[in-house]
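2 protein chains.
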Amino acid sequence: MIHFSINKAIFIQALNTTKRAISHKNAIPVLSTIKIEVNNEGIGLTGSNGQISIEHFISVQDDNAGLLISSTGSILLEASFFINVVSSLPDIVLDLKEIEQKQVLLTSGKSEITLKGKEAELYPRLQEVVKTKPLLLETKLLKDIINETAFAASTQESRPILTGVHFVLTDNQTLKTVATDSHRMSQRKIQLAKDGDNFDVVIPSRSLREFAAVFSDEIETVEVFFSNNQMLFRSQHISFYTRLLEGTYPDTDRLIPTTFNTTVTFDTANLRHAMERARLLSNATQNGTVKLEIQKGIVSAHVHSPEVGKVNEELDILAVDGEDLIISFNPTYLIDALKAVGNEQVKISFISPIRPFTLVPNAEGEDFIQLITPVRTN
Amino acid sequence: MIHFSINKAIFIQALNTTKRAISHKNAIPVLSTIKIEVNNEGIGLTGSNGQISIEHFISVQDDNAGLLISSTGSILLEASFFINVVSSLPDIVLDLKEIEQKQVLLTSGKSEITLKGKEAELYPRLQEVVKTKPLLLETKLLKDIINETAFAASTQESRPILTGVHFVLTDNQTLKTVATDSHRMSQRKIQLAKDGDNFDVVIPSRSLREFAAVFSDEIETVEVFFSNNQMLFRSQHISFYTRLLEGTYPDTDRLIPTTFNTTVTFDTANLRHAMERARLLSNATQNGTVKLEIQKGIVSAHVHSPEVGKVNEELDILAVDGEDLIISFNPTYLIDALKAVGNEQVKISFISPIRPFTLVPNAEGEDFIQLITPVRTN
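As they're listed, the protein sequences go chains A and V. The numbering of the first sequence is our numbering, which starts it at 5 and goes up by one. The numbering of the second sequence is our numbering, which starts it at 5 and goes up by one.
Possibly wrong hints are sitting among the right ones.
In this list, chains with the same sequence are indistinguishable; a pair is considered to hold if it fits within one copy or across any two.
Stated by the list, open to error - Below, in silico cross-link-like pairs of lysine to aspartate or glutamate (EDC-like), each with a Cα-Cα straight-line distance of 16 Å or less:
| no. | residue 1 | residue 2 |
| --- | --- | --- |
| 1 | Lys106 | Glu311 |
| 2 | Lys300 | Asp328 |
| 3 | Lys120 | Glu311 |
| 4 | Lys137 | Asp199 |
| 5 | Lys314 | Glu82 |
| 6 | Lys193 | Glu214 |
Since the hints were made in silico from the structure, they are not lab data. As the structure is a computational prediction, the values presented were derived from the model and not from experiment.
Please take these sequences and the hints and turn them into a complete structure.
See the structure below:
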């Protein structure tokens, strides 16, 4: 029968991290609970939505937590409700004691709150990843890669494999990550500082976004483990499991063009703001596109909505090279692509009005390329 | 045909204030537009939802606005869309010029955006308040009164008059404001610094909340004007019109008890937090109540939800006086009441378990009283 006392703020922080995996309206009712497991080393908190599982461990060694364990055990408590109750407690310390019939008594200051829980045995077994030979990754690097690619994954379930990001390690050191929804594509390559076993997996983009939210920048590195259909990101206190997508990711290498007819260099922020203006009006047009005109060294953007009005704008450019061109595309794809570019300058290269164009940061050494498919307007 | 240039930030600020009156989904389509009227003195912006109307005036005298008027006129523009477009413009200055067929050309930096508008004559005539003999009120005082009363008004349309706040001026100086939804009541009285004509009106609580959002604390005083079914709050730049509620407000004076059997003084914040804890569990009970027990100088709160759990808590009190008592009520009403009390201490006085109890700030000279009706639990 569980009995421990703990610093309230530390406990709430750990509960909130774990809760990120918990969906309030899960088809499996027991997954709306949080699992609390207390042993002599500390407290393990587990939350899951069946796709993602998060385990957060609070150690008795952690001085900030002020964790005193009098008795061990495990129990399930309704996650949202439990966190609300803990957050409302008056004192900076709380005491949690399991009493009869899977009930817990929370004591803090003069407040005594009894909550009904469930048998821990009702919780499903979710994680099956063998923890040997981890790949070591910098958290910040991994979060940058996620920001640069995950947005380009599909949000539609018609081709489930495209809702993920393709992570491939070759030569034990070259990591390639790609996402595409078939209208645009984003690919990032990096050389890892440390060798690892080669792998080829497709990680749900939703899981990657949760990863970025769960692992704060203070956590410098994570260990990465793979199994057949799951992977695990692990830091000192947090284990983040996600299912992998099954199936073969399409060959995207052959999509990337290498020769171009027109190249323009823009200030990234300026171009983004111009596209945001254009989008206000293109949203009210039939095909939702903006027209880019490159003529005699002048680059301009145009939208004409018969109902709402029109935009005509000469764009600030840093350099232009090659043939004149008129091309139409969905400005949202370009805005998303520009948001992913960390560099202040971006180079956009075109082949023709009907072939995808590429975006790369205008900087040496960054192996980051994006592709956007234009829209034929006549 | 309108033509002016203006500082973008000042223009957006005025547009956003005016937009507060505009409902996106109005049954009268023309009310989703903003009316722009330009004369030689400045620009008038008008927005309305039929209940509330806001006019914001930007003067050519206002140096910050940098307003240069080349040509006067008036037009209607789709409010949300127009504000989004103006906000997206690249330069700190924008030029707005009416061109043929009720279209306006916005120019800012190298960006040119044309928007379709409508004839100003299509806009309904909404405001009819004769602007003579204003009552002068401090904005901060009026906002305090609103915070202290408007929350207690009804949100249900079954008795429309109760959705308003009753404002009565007697003896040219005594202002009484009351709101009630028949479960709780809040009454604030003040002596005005300056005399005014007596009045007796019921102002929609929703209008009062908008008033508090529109008039910033920098606006020290407002002039108040009344007509039959409308009133106007006016500052130097903003005219805020609201319809009044028709009908007779119930006599609330007779509801306020004067003799009590039990009185307890609490720390306002402590009691509020205890009630917030209690509410987490009372929400899961059948009648949604918390039970307060006053016995032998000890005050405690109790909730028992057979499904979720229970709360038992001894409350910190500053003083207790009179007979022992057990009383049940909806904690939300007490939480709302405590939020409205600016004072650090609050005095709660009871007659019996079935009679309304009163809350007053535990301070001299504040004429602020609230009433909450208990719930019979057996």
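Check your understanding: For Lys193 vs Glu214, is the C-alpha pair at or below 16 Å within one copy, between two copies, both, or neither?
Key -> neither (22 Å within a copy, 53 Å between copies)
**Study point:** Alpha-carbon proximity between Lys120 and Glu311, which holds within one copy, between copies, both or neither at 16 Å
**Key:** Answer is between: at 7 Å across copies they meet the 16 Å cutoff, but 59 Å inside does not.
Review point. What label fits Lys137 with Asp199 when the C-alpha limit is 16 Å: within, between, both, or neither?
Key: For Lys137 and Asp199, the Cα distance is within 16 Å only inside one copy (11 Å; across copies 83 Å).
**Study point:** Homo-oligomer pair classification [Glu311, Lys106; C-alpha up to 16 Å]
**Key:** Answer is between: at 13 Å across copies they meet the 16 Å cutoff, but 64 Å inside does not.
**Study point:** Status of Asp328 relative to Lys300 across identical chains (alpha carbons, at most 16 Å)
**Key:** So Lys300 and Asp328 pass the 16 Å test inside one copy only (7 Å; across, 91 Å).
Check your understanding: Using 16 Å as the alpha-carbon threshold, which applies to Lys314 and Glu82: within, between, both, or neither?
Key -> Between copies only: 15 Å across chains, 53 Å inside a chain, cut-off 16 Å.
The structure is inconsistent with hint 6 alone, although it conforms to all the rest.
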